[in-house]
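**Q** The lines below spell out each chain.
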Amino acid sequence: MNDLYATQRAMRNMRKLAMQRGVIAILDVGTSKIACLVLRFDGPDQFSGGDEIGSMAGQSGFRVIGAATTRSRGVHFGEVDAMQETERAVRTVIQAAQKMANLRVDHVMACFSGARPRSYGLAGSIDLQDSVVSENDVSHVLAACDVPDFGDEREVLHAQPVNFALDHRSGLGDPRGQIGNQLAADMHLLTVDAHVVGNLLHCIKRCDLEVAGLVSSAYASGVSALVEDEQELGAACIDLGGGATGLSIFMKKHMIYSDSLRLGGDNITSDISQGLQVPMATAERIKTFYGGVVATGMDDRDMIEVGGDTGDWEHDRRTVSRAELIGIMRPRVEEILEEVRDRLDAAGFEHLPSQQIVLTGGGSQIPGLDGLATKILGQQVRLGRPMRVQGLPQAATGPAFAASVGLCLNAAQPQDEWWDFDIPVEKYHARSLKRAVKWFKDNW
Amino acid sequence: MQQVEPAIAAPRRDPAPSRISYKLQRLMLRSGFKRFLRVGLPVLLITATIGIVLGDAGRREAIELKIAELRRSIEERPEFMVKLMAIDGASDAVATEIREGLPLEFPMTAFDLDLEAMRAGIAEMDVVANVDVIVRSGVLQINVIERTPAVVWRSYQEVVLLDSGGHRVIPIAGRADYPDLPLIAGQGADKHINQALDVLTATGPLAARVRGIERMGERRWDLVLDRSQRILLPEQNPIAALERVIALSKAQDLLARDLTIIDMRNGHRPTIRIADSAIEELRRIRALK
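Going down the list, the sequences are from chains H and A. Each residue of the first sequence is one higher than the one before, starting from 1090 at the first, in the working numbering. Each residue of the second sequence is one higher than the one before, starting from 13 at the first, in the working numbering.
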């Protein structure tokens, strides 16, 4: 656990360094595309205020000066599958973004959708020594949370304090300076597969970049696609990506649950490819141009040329009606949405005061998806696009860039994590004392 | 049925940059690296080239030779050549001396003439009051203004001509060469030539008898007359004293008498010294009485 604490802290320091230099890159490693945005910050003072969120929710302090996307290679289900390929794709996108920004970037914040995230709710409490809560007490109570045994092969990606309670007064945002006897904290812990993270970090390192932070893309999408009152009252953000569908539930401006399905737009494409006997590239093209989930009578007459280059005339001149295409796509979309429904039910989403569901990600651009989603997920469904940030090119404002934009916002206004608080004092002392004793034992 | 060959699609070119080009681009984006390429590298290259070229002694010599040759060829153009020297305003002797002092071989280029040094060398000559040295249309023109000698000064070392300012003009063999110039003697006399000339002008009727004027003890004048007579003039107002002597001489024919010294140093008590023969004559006359 301490090991991880150290690496996350190192990343956080790297982020601070990048803030001081004023330039940081955002890397969204997705299954269908890899996007890179280069951000320039106007100054570190903009963000040192801490307590209050600045104007425009803190997003006014930075500007996107470089943006690039490339077709993703070697990524499946949001996980690195072929390292060399992924490295090349990252290199492509970083180079293009650098060229546009005319700046060299050294620090990069990355997000990814796969790696089987798993959410844990932790709780801990301590008795306060003196009645006023100090910063040290906060780190103590966070350290006092009983961490479940999530296995050796997993790493903590997020550990965010969600709620503080002081003597039966719950729902405190910031307990510091308040008076009470017992301090309790709830923490949301998100773990992912360690190997997947390791592979991604290795790919980025191979491009001579320093990792300044790792974020789950479901969380990033939620940050950018949910509006403020949705985050406050409770809402779920569904990020329909290429290889994985991210799921994050927000409440009181904190993510309280996150999950990921290994299903996405690529499954729809492969269904089309198999159903129409066309290559994946053609299937992807047909899906994006003619795809839909609700067929009308008009669609029976709307013929699509499938094409082909076998040389067989009969084969190459095939046409399908749009209704057929919808017939292939709809079951898969329904399957994804039903799976999402199951996950939401498992998480206890129905107990939230607000049942808002926001669909975002590239998959949410399927025409008629909102109608279908309403039938499966409930009445309060809307399609979400990411917030507007300064300098973002028009091509990168679509819902497919929700995670990228969310990552920008996260870079500018990071959520407090467990490792942002100092190691509790006596633990630290015990360790250093132990280390000193060990040194004497080793050397004398 | 004919077998249809599937068209072999050209392999898609990978848009990814190679590792080297990626690193190169990042290097180029480094702040300062471009500036180094633009400024530092050319400077370094030029310095290195010059250093390598000049590092070899033979090559350096060849370059120096080439430069000297080029210089020579420009200097020896007819426009810059000086063919003769003209000396104006100098007497023949001085002109000859100047010519001997400047061993120049004409024709020569104007670049090799050090006019300032030549001017200083000529101006060092005592006889020269002022000199201009210029090169004009192939002629080295030397304009000399000579000092005009005013007196002959006989000092312990030499006999020399002085101008009215007391500056040496030229040493001479004997006083007889310049009979028309007054003779001045004594140490420190050259500092007070003006006063001496004033005294000499004031001699008036005595002028024919004046042999010269001598500076005594570097403070006052003695007017020396023929027949070994001497008028000792005071330090202050020597001319008034002289006029008194002249008046006495006119009235009583003083200077025609046999005396050697008229001492006017003390105005209240002028004194005369009679010559030895005159004293004996006086005694003889007294003895006769």
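It should be emphasised that the hints constitute simulated quantities derived from the structure, not laboratory data. Hints are not guaranteed to be accurate.
Claimed, not checked - Each computed DSSO-like pair below joins lysine-lysine, with the alpha-carbon atoms no more than 27 Å apart:
| id | chain 1 | residue 1 | chain 2 | residue 2 |
| --- | --- | --- | --- | --- |
| 1 | H | Lys-1188 | A | Lys-95 |
| 2 | H | Lys-1341 | H | Lys-1294 |
| 3 | H | Lys-1188 | H | Lys-1294 |
| 4 | A | Lys-78 | H | Lys-1105 |
| 5 | H | Lys-1105 | H | Lys-1342 |
| 6 | A | Lys-301 | H | Lys-1188 |
| 7 | A | Lys-203 | H | Lys-1122 |
| 8 | A | Lys-35 | H | Lys-1294 |
| 9 | H | Lys-1122 | H | Lys-1341 |
| 10 | A | Lys-46 | A | Lys-35 |
| 11 | H | Lys-1105 | H | Lys-1294 |
| 12 | H | Lys-1527 | H | Lys-1464 |
| 13 | H | Lys-1294 | A | Lys-46 |
In this text, all values refer to a predicted model and were calculated from it rather than measured experimentally.
**Q** Failing hints, ascending?
**A** Numbers 1, 2, 4, 6, 7, 9, 12 - these are the hints that the structure violates, sorted from lowest upward.
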